[in-house]
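Chemist: Working from the sequences, and respecting the hints, build out all of it.
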Amino acid sequence: MADNRFSYEGMKALSETVFRRYGYSEEEAREITDVLLTADLFGIESHGCQRMTLYTNGITKIGRIKRDRKPEVVRETPVSALIDAHEYIGQVAAMMATRLAIEKAKKTGVGIVCVKNSNHYGIAGYYARMIAQEHLLGVSMTNTEAIMIPTNGRQALLGTNPIAVGMPAEPYPFLFDAATTVVPRGKVEVYAKKGLEIPADWAMDSDGKTSTLPRRVLDDIGKKQGGGILPLGGAREQFGSHKGYGFGMIVEIMTGILAGGVTSDEIRKRFDCDRCSHFFLAVDYGMFGDREETERRLSAYLNKLRESQTAQGAPCVYTHGQKEMLACEENLRRGIYLNDKTLEEITALCRELGLPPETYLIPVPQEAPEG
1 MADNRFSYEG
11 MKALSETVFR
21 RYGYSEEEAR
31 EITDVLLTAD
41 LFGIESHGCQ
51 RMTLYTNGIT
61 KIGRIKRDRK
71 PEVVRETPVS
81 ALIDAHEYIG
91 QVAAMMATRL
101 AIEKAKKTGV
111 GIVCVKNSNH
121 YGIAGYYARM
131 IAQEHLLGVS
141 MTNTEAIMIP
151 TNGRQALLGT
161 NPIAVGMPAE
171 PYPFLFDAAT
181 TVVPRGKVEV
191 YAKKGLEIPA
201 DWAMDSDGKT
211 STLPRRVLDD
221 IGKKQGGGIL
231 PLGGAREQFG
241 SHKGYGFGMI
251 VEIMTGILAG
261 GVTSDEIRKR
271 FDCDRCSHFF
281 LAVDYGMFGD
291 REETERRLSA
301 YLNKLRESQT
311 AQGAPCVYTH
321 GQKEMLACEE
331 NLRRGIYLND
341 KTLEEITALC
351 RELGLPPETY
361 LIPVPQEAPE
371 G
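Position 127, counted from 1, in the sequence shown is what the working numbering calls 127; the numbers after and before it change by one each time, with no gaps.
None of these hints come from the bench; they were simulated from the model.
Simulated pairs of lysine-lysine, DSS-like, Cα-Cα distance not exceeding 27 Å: (1) K223 to K61; (2) K12 to K66; (3) K193 to K61; (4) K193 to K223.
Modeler: Structure follows, in structure tokens:
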């Protein structure tokens, strides 16, 4: 098990089998799995397979992900729709919403879909990229349980509230996907699993002091008694904290407020993000001019950025989405990385379900370092 890296195909088969065992259809299990493994392929460990047991616990042990009612459209116009997810697993609701936004954009030029009463849907960038792959401009946002402390505050009242925007380009698509907090909650969870301290400018504890202890921060968030993750820009306005706070508020408006769902501070003290809301936008930029020419101009501009002069000591200028595409190639070749704690959790889940871990967790031999 060199470097705890395992075959992509084996992990894919495992995830699909697990979610089939939990009552999801073959198509739903494929959708959930693709979102999870795309995060791992992109190098976003916080939203990949390390969340598998969080979802399965949310389905059965905690019961916060419902399975009795599937997502349904409750309001619709030619350009918009509102979906009530009925607390179904978030990936399935989000895939339904994304497909509907794409369909409407292809018919009318614009597709806007909001989802309420949903659950954690994985990486926001998955859906923005899905829209971009249809030669449309894609936007995806979601609110989450209250984790972000507003500027000058000490109580978490907003979620990590990521924003993702995608558009096709060559050789790499433009794909921006970022939480409006300094880091997402999942990254703090990964540090806790690895027994590492977090940087001092990531979070604040319930005493109103910055903290390097990930488990203390997560416990404080769970207790809802103060403390949380800082907005982009950190704790002070002079470093732009108000901007991260403002971006987080934009997401609250576009999700919980527009959808008639709940805002982050109202999301119950439960599994992860139950009853959260999502927003999806698909725009046919062919309305404004030749589609191929628009993509060519974006590609040329992104290439200009990548070829621009670098700061002293910097490797190169990256464009958003480039690192993810490069990581995807590498991780398909080297295998999906699982930290020790996640590997332990997934192995235990296999045994709980009567699945032989060795059938799915297939180690990928790693190349020996040169020299």
